[in-house]
Amino acid sequence: MAVAALPGEAGPAGDRTSLKTKLRRAERVNRLRSFSLVAPLLLFVLAVFALPIGLMLLRAVENTEVRETMPRTIDALDAWDGRETPGEEVFAAFATDLVQTQKDRTTALVGKRINYEVPGARSRFLKAGRLVDAGGGGPWKEKFLASDAEWGSVEFWAIMKRAGQTLTPYYLLTSVDLRQDAGGAVTTNFADQSIFIDIFIRTLSISLVVTLATLVLGYPVAHLLAILPPRHANVLMILVLLPFTTSILVRTTAWIVLLQSNGVLNDILLALHLTTERVQLIFNRFGTVLAMTHIQLPFTILPIYSVMKSIPPSHLRAARSLGAGPLTAFVSVYVPQTLPGVGAGCLLTFILSLGYYITPALVGGPQDQMVSYFVALYTNREMNWGQASALGGILLMITLVLYAVFNRVVGIDKVKLG
Amino acid sequence: MKHAVSANDSFVEFAGVQKSYDGETLVVKDLSLRIRRGEFLTMLGPSGSGKTTTLMMLAGFETPTSGDIMLDGARIDALPPEKRNIGMVFQNYALFPHMSVAQNVGYPLKVRGRPKAEIADRVAKALDMVHLGSFAARMPGQLSGGQQQRVALARALVFEPKLVLMDEPLGALDKQLREHMQMEIRHLHERLGITVVYVTHDQSEALTMSDRVAVFNAGIIQQVAPPSELYEYPANSFVAQFIGENNRLPGRIEAANGALCSVVLANGDVVTATLTEAAGVGENCLLSIRPERVQIAPAGGSLDNHFEAVIAETIYLGDHVRVRCVLDGGAEMVVKVGNVEDRPVLAVGSRIPLAWRAQDCRALDAA
Numbered sequence: 001m002a003v004a005a006l007p008g009e010a011g012p013a014g015d016r017t018s019l020k021t022k023l024r025r026a027e028r029v030n031r032l033r034s035f036s037l038v039a040p041l042l043l044f045v046l047a048v049f050a051l052p053i054g055l056m057l058l059r060a061v062e063n064t065e066v067r068e069t070m071p072r073t074i075d076a077l078d079a080w081d082g083r084e085t086p087g088e089e090v091f092a093a094f095a096t097d098l099v100q101t102q103k104d105r106t107t108a109l110v111g112k113r114i115n116y117e118v119p120g121a122r123s124r125f126l127k128a129g130r131l132v133d134a135g136g137g138g139p140w141k142e143k144f145l146a147s148d149a150e151w152g153s154v155e156f157w158a159i160m161k162r163a164g165q166t167l168t169p170y171y172l173l174t175s176v177d178l179r180q181d182a183g184g185a186v187t188t189n190f191a192d193q194s195i196f197i198d199i200f201i202r203t204l205s206i207s208l209v210v211t212l213a214t215l216v217l218g219y220p221v222a223h224l225l226a227i228l229p230p231r232h233a234n235v236l237m238i239l240v241l242l243p244f245t246t247s248i249l250v251r252t253t254a255w256i257v258l259l260q261s262n263g264v265l266n267d268i269l270l271a272l273h274l275t276t277e278r279v280q281l282i283f284n285r286f287g288t289v290l291a292m293t294h295i296q297l298p299f300t301i302l303p304i305y306s307v308m309k310s311i312p313p314s315h316l317r318a319a320r321s322l323g324a325g326p327l328t329a330f331v332s333v334y335v336p337q338t339l340p341g342v343g344a345g346c347l348l349t350f351i352l353s354l355g356y357y358i359t360p361a362l363v364g365g366p367q368d369q370m371v372s373y374f375v376a377l378y379t380n381r382e383m384n385w386g387q388a389s390a391l392g393g394i395l396l397m398i399t400l401v402l403y404a405v406f407n408r409v410v411g412i413d414k415v416k417l418g
Numbered sequence: 001m002k003h004a005v006s007a008n009d010s011f012v013e014f015a016g017v018q019k020s021y022d023g024e025t026l027v028v029k030d031l032s033l034r035i036r037r038g039e040f041l042t043m044l045g046p047s048g049s050g051k052t053t054t055l056m057m058l059a060g061f062e063t064p065t066s067g068d069i070m071l072d073g074a075r076i077d078a079l080p081p082e083k084r085n086i087g088m089v090f091q092n093y094a095l096f097p098h099m100s101v102a103q104n105v106g107y108p109l110k111v112r113g114r115p116k117a118e119i120a121d122r123v124a125k126a127l128d129m130v131h132l133g134s135f136a137a138r139m140p141g142q143l144s145g146g147q148q149q150r151v152a153l154a155r156a157l158v159f160e161p162k163l164v165l166m167d168e169p170l171g172a173l174d175k176q177l178r179e180h181m182q183m184e185i186r187h188l189h190e191r192l193g194i195t196v197v198y199v200t201h202d203q204s205e206a207l208t209m210s211d212r213v214a215v216f217n218a219g220i221i222q223q224v225a226p227p228s229e230l231y232e233y234p235a236n237s238f239v240a241q242f243i244g245e246n247n248r249l250p251g252r253i254e255a256a257n258g259a260l261c262s263v264v265l266a267n268g269d270v271v272t273a274t275l276t277e278a279a280g281v282g283e284n285c286l287l288s289i290r291p292e293r294v295q296i297a298p299a300g301g302s303l304d305n306h307f308e309a310v311i312a313e314t315i316y317l318g319d320h321v322r323v324r325c326v327l328d329g330g331a332e333m334v335v336k337v338g339n340v341e342d343r344p345v346l347a348v349g350s351r352i353p354l355a356w357r358a359q360d361c362r363a364l365d366a367a
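Order-wise, the sequence lines are chains A and S. Using full-length UniProt numbering, the letters of the first sequence map in sequence onto residues 1 to 418. Using full-length UniProt numbering, the letters of the second sequence map in sequence onto residues 1 to 367.
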């Protein structure tokens, strides 16, 4: 009993609490240590990746151009009931704002923003800018209406008022071929602007076809990799990984050389008399899918291979010894065990395919351009970053939803990528 | 007439079977072996001795480079594994992880196209047989090693094969469970009357379970015999060394005298030993004496050989004491002394008289 009397040795209950505290303290130190190990990378990723992407995504709903450049007009429109053409006070505020925007050279910017929703608005804004530059006082309403009857349109002012809000659903709605009418109700977009649903469907279907093609082509290769003796498997693995050593741009360009009308493949087809005239193999859907499949193959093969590698060869033997023929054994014992790898490989390829830009741009036709192309178009050429962000955001949403579905069905924890 | 009898007698027959993987070296060299119907035969040997290759040829996963394999009187060389109707238990169980226990056990029946009701019935019976009746719905991953082993066993037996092959099935289990499973497999074999070919590198497992043991080394069967014969009358020094412990004294056979012979050791001492086929008169030999057959007995007794030795080390092992001695000639010898009441005092450094019978001392090849 001398042991029990030692200082610091409390009864069983006291022991337990102190043990818990000790454990918690020990764990806290461990947790801090592991956190400090990942902290540099975490901060780096947050600063250069998560934060910029988050800010870009905000642009999909951000709408400050009009509010910032025409604050007086927007304030004046607050009091407007929206039933008929606004009164002189709105036009006066508009004129005052225009004087300022002319000075700041931002008239075109506002005009462009309104132009998204009211075709022709940009040129009218520029004209109005010249009108106020000409000087002279009001009353402005008559002056504006005299220069262009459209300034009297109730619908225009309603859109102007709505454009003054700091957040807008406009870009997101446009991305799914919807729009708000003058009353604010959501309806289908004008036919000539309803292109995005088609583009999303096209993006998804090209990605799906590419994913299936890589699966069909890659599954046997992965199997071969998994069953070959190491010496041969290493050579095959190098061949599978070889494409990674060349840039996507070079590989895509190489396909142009191979597939173009005067290219190698057409020469061979003609020489073998398989065709009588040159076949269009590129700048269409076929070329796009072919080049993308080629680039994506390793991404599908590797996860499948790693899962196959972990399946003991004795499983197939066991199935055979139990009476299953080679095919039955393969289908009922081997294939089901490869499904997590198939899921991972296909998910990886599908998600990567959704974001393809260079390859369809180089080897695809106008009808093969995917969402990324339009993101780039709106970012670089149209300077409509709101639209680019909205398209990108929706693509990201689709990806996350697919990922969640996959996680629900297969379980992401079962997936091994290497 | 004689042919019919022998066909009936041997259920499995290897006749001059050879196997080479690279065309240069033979993994199995000229194997001839007959396995009787209902027999429990163990192939025992170190790794790389050809025992697993032999089993795989029987199962149909490897084809013999030359020679014939007969099963129940018919050549099976050309039959694929699934047509041989041989149950097999693998080293790591090879349970299908994506199927439940019941689906695993039902698999051989399902691929044979048996009706569902029959499958359910026979699966239940097979699982009861291995005491896993209540585990049908579990997945293999949720079972312990011993339970997985039993499922694998039920799966290999459920389609009532005449022959069951086991490839080191207990290798992954701990000692206690392994011994328990050895008895369970043994009892199943007795109850079902099936023929079992068992592969292991664990000699105690082979001795415990088998009717006969075939000892493999370097692609050759060294000896096929029941466990007691294997231990008492090893055919050569490899078998003597591999099965159990033995003391080895190198010498030369000087003269034969009926079943016995006199062997001269390096220091000129003469030992009376049993003559075997492994070594002849005039040849170098290796004497093999089991440690428990060496007695501490003064000269002048009824035993054939008497020597003096100095105790170098004693190890207390509960039921017996291991005594390491050095003979006067310099050779080492281990003696097992039973832990009985009147056991002699064994002080390190003291001299003791050792003695053994000529029958317990076999003159084997000097390999």
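One should not assume that every hint holds.
Examples of chain A residues toward chain S, derived with CB under 10 Å [unchecked claim]:
| no. | residue |
| --- | --- |
| 1 | V99 |
| 2 | P243 |
| 3 | P312 |
| 4 | A318 |
Non-contacting residues of chain S with respect to chain A, defined by C-beta distances greater than 12 Å in every case (computed) [unchecked claim]:
| no. | residue |
| --- | --- |
| 5 | S66 |
| 6 | P250 |
| 7 | D365 |
Some chain A residues close to chain S (C-beta under 10 Å, calculated; not the full set) [claimed, not checked]:
| no. | residue |
| --- | --- |
| 8 | Q102 |
| 9 | R105 |
| 10 | T106 |
| 11 | A108 |
| 12 | L109 |
| 13 | G183 |
| 14 | G184 |
| 15 | R317 |
| 16 | A319 |
| 17 | A324 |
| 18 | P326 |
| 19 | S332 |
| 20 | L339 |
| 21 | V342 |
Think of the hints as simulated: they come from the structure by calculation, not from any bench. Just so we're clear, the structure is a prediction, and the values are computed from it rather than from any experiment. Ideal placement from N, C-alpha and C gives every residue a C-beta, glycine not left out.
Taking the hints in turn, this is what the structure says about them:
1. V99: Violated: closest Cβ of chain S sits about 75 Å from A:V99, beyond 10 Å.
2. P243: 32 Å, violated
3. P312: Since the shortest Cβ distance to chain S is 6 Å, the answer is holds.
4. A318: Since the shortest Cβ distance to chain S is 4 Å, the answer is holds.
5. S66: 23 Å, holds
6. P250: 43 Å, holds
7. D365: S:D365 is indeed farther than 12 Å from all Cβ atoms of chain A, at 37 Å.
8. Q102: 72 Å, violated
9. R105: Status violated, d = 68 Å.
10. T106: 64 Å, violated
11. A108: Since chain S brings no Cβ nearer than about 64 Å to A:A108, farther than 10 Å, the hint is violated.
12. L109: 60 Å, violated
13. G183: 57 Å, violated
14. G184: 54 Å, violated
15. R317: Interface hint status for A:R317: holds (6 Å vs cutoff 10 Å).
16. A319: The hint holds - A:A319 has a Cβ within 10 Å of chain S, the shortest such distance being about 7 Å.
17. A324: 4 Å, holds
18. P326: 8 Å, holds
19. S332: For A:S332, the interface hint holds, since the closest Cβ of chain S sits about 8 Å away, which is under 10 Å.
20. L339: Since chain S brings a Cβ to about 8 Å from A:L339, closer than 10 Å, the hint holds.
21. V342: 13 Å, violated
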